[in-house]
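Asks: At position 25 of the sequence shown (counting the first as 1) the number is 25 in our numbering, and the numbers step up by one without a gap.
Simulated from the structure, these hints should not be mistaken for laboratory data.
Built from N, CA and C at the ideal position, the CB exists for glycine as well.
One or more hints might be untrue.
[Claimed, not checked] Taking CB as the label site, the calculated pair distances span:
hint, residue 1, residue 2, range
1, Ala80, Arg3, 33 to 41 Å
2, Met76, Pro26, 33 to 41 Å
3, Ser40, Glu65, 18 to 26 Å
4, Thr52, Ala72, 43 to 51 Å
5, Ser14, Lys82, 17 to 25 Å
6, Pro6, Glu65, 16 to 24 Å
7, Ser8, Ala68, 30 to 38 Å
8, Ala63, Ser14, 32 to 40 Å
9, Phe69, Gly16, 17 to 25 Å
10, Val56, Ser79, 32 to 40 Å
11, Ala80, Thr57, 31 to 39 Å
12, Phe58, Ser79, 15 to 23 Å
13, Arg27, Arg75, 39 to 47 Å
14, Gln50, Ala80, 38 to 46 Å
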Amino acid sequence: MKRPRPVSVITLKSSGPSSAKSHPYPRRTPVLALDFDAISVLVTTSHSTQVTPADVTFARELAKEAAAFAVAVERMFRSAAKQP
1 MKRPRPVSVI
11 TLKSSGPSSA
21 KSHPYPRRTP
31 VLALDFDAIS
41 VLVTTSHSTQ
51 VTPADVTFAR
61 ELAKEAAAFA
71 VAVERMFRSA
81 AKQP
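All chains, please: the whole structure from these sequences, using the hints.
Replies: Structural data, given as structure tokens:
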């Protein structure tokens, strides 16, 4: 049985200068930077110099879920635009 885990929801406004960028580095793990005006969230693996199979699985899952998130946001935007 799965135990409930604490959940935090962070709402970041994407108006203004917002971006999501991947920063690959030749000798350390890559960093995914999510910038929301004055706030930055950096995502990387647990090891700065070593990537594990679990890290690869996480990165692929993150990409898959981010794509699904984009589709859902776009769908909501398009349905809101159709309303009078």
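Asks: Hint by hint, say whether it matches the structure.
Replies: So, going through the hints one by one against the coordinates:
no.	hint	in the structure
1	Ala80 <-> Arg3: 33 to 41 Å	37 Å, holds
2	Met76 <-> Pro26: 33 to 41 Å	39 Å, holds
3	Ser40 <-> Glu65: 18 to 26 Å	20 Å, holds
4	Thr52 <-> Ala72: 43 to 51 Å	30 Å, violated
5	Ser14 <-> Lys82: 17 to 25 Å	21 Å, holds
6	Pro6 <-> Glu65: 16 to 24 Å	20 Å, holds
7	Ser8 <-> Ala68: 30 to 38 Å	20 Å, violated
8	Ala63 <-> Ser14: 32 to 40 Å	19 Å, violated
9	Phe69 <-> Gly16: 17 to 25 Å	20 Å, holds
10	Val56 <-> Ser79: 32 to 40 Å	35 Å, holds
11	Ala80 <-> Thr57: 31 to 39 Å	35 Å, holds
12	Phe58 <-> Ser79: 15 to 23 Å	31 Å, violated
13	Arg27 <-> Arg75: 39 to 47 Å	40 Å, holds
14	Gln50 <-> Ala80: 38 to 46 Å	44 Å, holds
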